[in-house]
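Protein chains in written order, with our numbering: chain P, 1 to 428; chain L, 1001 to 1541.
What the hints contain is simulated information worked out from the structure, not anything from laboratory work.
Where is the CB? At the ideal position from N, CA and C, for every residue including glycine.
Mixed in with the good hints there might be a few duds.
[Said to hold, decoys possible] Result set (BS3-like, lysine-lysine): computed pairs, CA atoms no more than 30 angstroms apart in a straight line:
{"hint": "1", "chain 1": "P", "residue 1": "K374", "chain 2": "L", "residue 2": "K1087"}
{"hint": "2", "chain 1": "P", "residue 1": "K374", "chain 2": "P", "residue 2": "K31"}
{"hint": "3", "chain 1": "L", "residue 1": "K1087", "chain 2": "P", "residue 2": "K224"}
{"hint": "4", "chain 1": "L", "residue 1": "K1044", "chain 2": "P", "residue 2": "K374"}
{"hint": "5", "chain 1": "L", "residue 1": "K1082", "chain 2": "P", "residue 2": "K374"}
{"hint": "6", "chain 1": "L", "residue 1": "K1044", "chain 2": "P", "residue 2": "K250"}
{"hint": "7", "chain 1": "P", "residue 1": "K217", "chain 2": "L", "residue 2": "K1150"}
{"hint": "8", "chain 1": "P", "residue 1": "K159", "chain 2": "L", "residue 2": "K1168"}
{"hint": "9", "chain 1": "L", "residue 1": "K1140", "chain 2": "P", "residue 2": "K225"}
[As the list claims (entries may be wrong)] Facing chain L, according to a computed beta carbon distance under 10 angstroms, are these residues of chain P, among others:
{"hint": "10", "residue": "E46"}
{"hint": "11", "residue": "L114"}
{"hint": "12", "residue": "A185"}
{"hint": "13", "residue": "Y186"}
{"hint": "14", "residue": "D189"}
{"hint": "15", "residue": "F204"}
{"hint": "16", "residue": "Q210"}
{"hint": "17", "residue": "T211"}
{"hint": "18", "residue": "Q247"}
{"hint": "19", "residue": "P255"}
{"hint": "20", "residue": "G353"}
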Amino acid sequence: MKKFFRGALIAGAFAAAAITAAPARAEETIKIGILHSLSGTMAISETTLKDAMLMLIEEQNKKGGVLGKKLEPVVVDPASNWPLFAEKARELISNQKVAVVFGCWTSVSRKSVLPVFKELDSVLFYPVQYEGEESERNVFYTGAAPNQQAIPAVDYLMKEEGVQRWVLAGTDYVYPRTTNKILEAYLKDKGVAQEDILINYTPFGHSDWQTIVSDIKKFGSTGKKTAVVSTINGDANVPFYKELGNQGIKATDIPVVAFSVGEEELAGIDTKPLVGHLAAWNYFQSVDTPDNKAFIEKWQAFTKNPKRVTNDPMEAHYIGFNMWVKAAEKAGSVEPDKVIDALPGIEQANLTGGVSKMLPNHHITKPVLIGEIKDDGQFDVVEKTDDLVPGDAWSDFLPGSKDLEADWVAKKCGNFNTKTGKCGGQGS
Amino acid sequence: MRLIGLRGATLGLLIAIATLLGGPASPASADPVDDALARFAADKYDETDKAIEGLVAASAQNGQAIFEAMSAGRLLYDPESKTVLIKDAGGALVLAKTGDPAPQALAAKPLKTVRLNNRVRRSLEAASGAFALQAPDPQKRIGAARAIFKTREPTALPAIEAALAKEKDASAKQALEAAKAAIILARQDAPEADRIAAADIVAAVGDQDALAALRTLPANTPPAVKQAAEAGVASIERWLGVANVVQDVTYGVSLGSVLLLAAIGLAITFGVMGVINMAHGEMVMIGAYATFLTQGFIRDYVPALSGASLILAIPVAFLVAGAVGVLIERTVIRFLYGRPLETLLATWGVSLILQQAVRSVFGPTNREVQTPEWLQGSVSFLGVSLTWNRIAIVLFAMAVFFALMLLLKRTSLGLRVRAVTQNRRMAASMGIRTPWVDAMTFGLGSGVAGIAGVALSQIDNVSPNLGQSYIIDSFLVVVFGGVGNLWGTLVGALSIGVANKLLEPFAGAVLGKIILLVAIILFIQKKPRGLFALKGRAVEA
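Let the hints inform the model, and build the full structure from the sequences given.
This is the structure:
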């Protein structure tokens, strides 16, 4: 027994030596940090993004890398633990000397790494739709701001479905709360009365939806057309939709439009009872363009799974990564300061047939797509904006942020107050 | 002259071509059915909507088949010739207009499916409702009448009256009468007395839809009708007030059963054995994954049994989770008896290892466990709607509880378990192999947790995190009910469930949970041993 242990120890030591020795021998590379949770609650969503990044980097290396150097991914696991995100970000930037980091999913993880990126002056690409109200010099937001997802979705429901009564249901944390605040202000702006808005929050991972679904049913039975705008977070969605289906609420009665339910989330449910419920994103796997087709093929080949789905944040990483490559080539360097200055104005074709552009406020232009769930777990695009919508960091519908503007090119400021003409204000 | 004639003919031809090309928009087409069908090929929701209207207006002979195919996604069209086809259930193509087999040439073309959105789906429901009123199956007729009751679509009135005239089934007749009343109530041109009578009929239906019908009267309704409607609203609301409480309590019982299922395994490992088992949730998770695997296996190898796959998954989940439990007991926990803090940390570690192991094997995403037909949908009883899967869970939780009770009270294993937990040394000196009993007891508790996983796979995510969301609740139930007492677990689970559901409507889900937690903390301060404290020597052991 003892001998076995000693043998194992020696073997382990050799293995460890081999691992640490490997990068030292390799030629000089540019390191790319990937900061996505591979364990814990968020692993369900973030693992996919890590794989997507690995695929993009592999692709780029096949094309010869960037500035004549190969790219080397450095993957760390912040384990869905918010303070650990900051630690791992520091490790990536200080110890691993990565040129850029792609990562984070939840807003709280982004907020947790922000000070690190500011202090060590590095670049973060954040690929997920979020509540807005932020624009930082070191962060590039490739996911949707509220005006690129929530507001167009509400507009669609008003126009196409004639919705007059609104249930805003969300998980109890910063993204749903801010989004619902914006939506509430927007709806009132459109003349919706207070009594026609029902706001409901549930804890993370809520699984008993009986009362809430039956409340929604009651709220919707006044004769006015009712819809649910759902900012319910990942895991709680499955039991929510199951309860909806079982209580017989069909999309034709009370449609639910979701901002956090994509192809990946639907992979875990039987979607037949959900046909017709909606989701608003900037990308759907079902969009029929040559670029998207090629992307899906590459992804399924990379994951060796012909059924593997793609989703919106993956496309955001695709756009963000390619923008970073172009910016690095334009600047002739991967140094953060130079890349940050080069990025605004960079254009990159997205997968839905348009060309997205990095704006001075570090958000990008995106098309807005509304899709209805089909019985095969995919979405049927029922509405697409004609033009790309520019991401707005500061919502026009919140009193505190109405006058704020982010411009990192001309004004070098993330929260310029147009009334006082000064940089600073809320969020500074 | 001849020239002019020729020119005239050319012009006519051009118009004809234009009409053909412009197909959908043109009113000139001779056959309204053709005209309507051509609109499907426009691939626009507006046109599709109009096509449905057109088919209903023309009462197309093949209408119902077209609508059925459409809602099933089997209505196709050829973008070139604008021919609309139905792919029947067997996969054969027929022409939509006539139902005749489609020519071979068409079948070879790249056909597109007529797309639906919610608005089109609604029109489709209303349209097929008119056809369904004539269906031979009374259940279908009732369904159609209910749908009309909900939409109060005035154009459906003639169809309803026609159906009423020949309806023989009593409950179908009642549903039709209600639908007719709902339409008449909202009609401006109906006589006042009729509308008042209609208000009474609608009020007698007494559900949410009736409430909606009574509340949404047009502004210029005569006061007498309004009064009748208001009286109806008041009587329904009085009744719904009672029904709401009944509903909250039933929801509470259902939530309580879920808690009971999740906690009952812990009631054995923690309650009876005293092991603070943080890996309990992972046993539930393993049970859910065992269900997923069993279902997949049955689907692939014995598809005939797939309806019963959930039931077959119960013993599998019990054995798998039980085996893992015995393994944990033999390799970790048995070294830590009597050291609660170390046990807590060790089992917490085990739970993380199990979670990550499952994540590595099955991936981090949710796995789909299908709900068999017989568990889908809901039943409405006295205005309270309960879903079948919740009812099944209530019954299942009770069955598991009493089976476990029986096992502990009536079998020799149960006797040994009770003997060891009451006085280990005495039991050992009587010749009971206490280590064996420990392993079996822990395996039993884990196996029961695995069974809970089968049930939870029906209402929650089957993901590596499944167990985490139940571990706190499970401890809460066991501690609240009284450690070491199965009855306490039952009462504890049900009272927490009902209290939670009674609080939720006015406190909200988040605040409700906080209030409940605070209440339980205060309760435990007062009675540290929970609702049903064990008395006697066992406590000292």
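Minimum beta-carbon distance criterion (10 angstroms), L114 (chain P) to chain L: violated (26 angstroms)
Restraint status (C-alpha distance of K1140 (chain L) to K225 (chain P) at most 30 angstroms): Measuring from Cα to Cα gives roughly 25 angstroms; hence the hint holds.
Residue hint T211 (chain P), partner chain L, criterion CB-CB below 10 angstroms: holds (5 angstroms)
Status of the hint placing D189 (chain P) at chain L (closest C-beta pair under 10 angstroms): Hint violated; D189 (chain P) Cβ to chain L Cβ min 25 angstroms, cut 10 angstroms.
Given pair status - K1168 (chain L), K159 (chain P), alpha carbons within 30 angstroms: Since the Cα atoms of K159 (chain P) and K1168 (chain L) sit roughly 43 angstroms apart, the hinted pair is violated (cutoff 30 angstroms).
Status of the F204 (chain P) interface restraint (C-beta, 10 angstroms, chain L): Given a least distance of 9 angstroms, the restraint on F204 (chain P) holds.
30 angstroms Cα cutoff - pair K1082 (chain L), K374 (chain P): holds (24 angstroms)
Hinted pair K374 (chain P) and K1087 (chain L), Cα distance within 30 angstroms: Holds. K374 (chain P) to K1087 (chain L) sits at ~18 angstroms (cutoff 30 angstroms).
Restraint check for K374 (chain P) with K31 (chain P), where alpha carbons must lie at most 30 angstroms apart: With Cα atoms ~40 angstroms apart, K374 (chain P) and K31 (chain P) exceed 30 angstroms; violated.
Hint validity - G353 (chain P) Cβ closer than 10 angstroms to any chain L Cβ: Where the cut-off is 10 angstroms and the nearest Cβ of chain L is about 18 angstroms from G353 (chain P), the hint is violated.
Status of the A185 (chain P) interface restraint (C-beta, 10 angstroms, chain L): violated (21 angstroms)
Evaluation of the interface hint that places P255 (chain P) against chain L, nearest CB under 10 angstroms: holds (6 angstroms)
Violation of the numbered hints given earlier is confined to hints 2, 3, 8, 11, 12, 13, 14 and 20; the remaining hints are satisfied by the structure.
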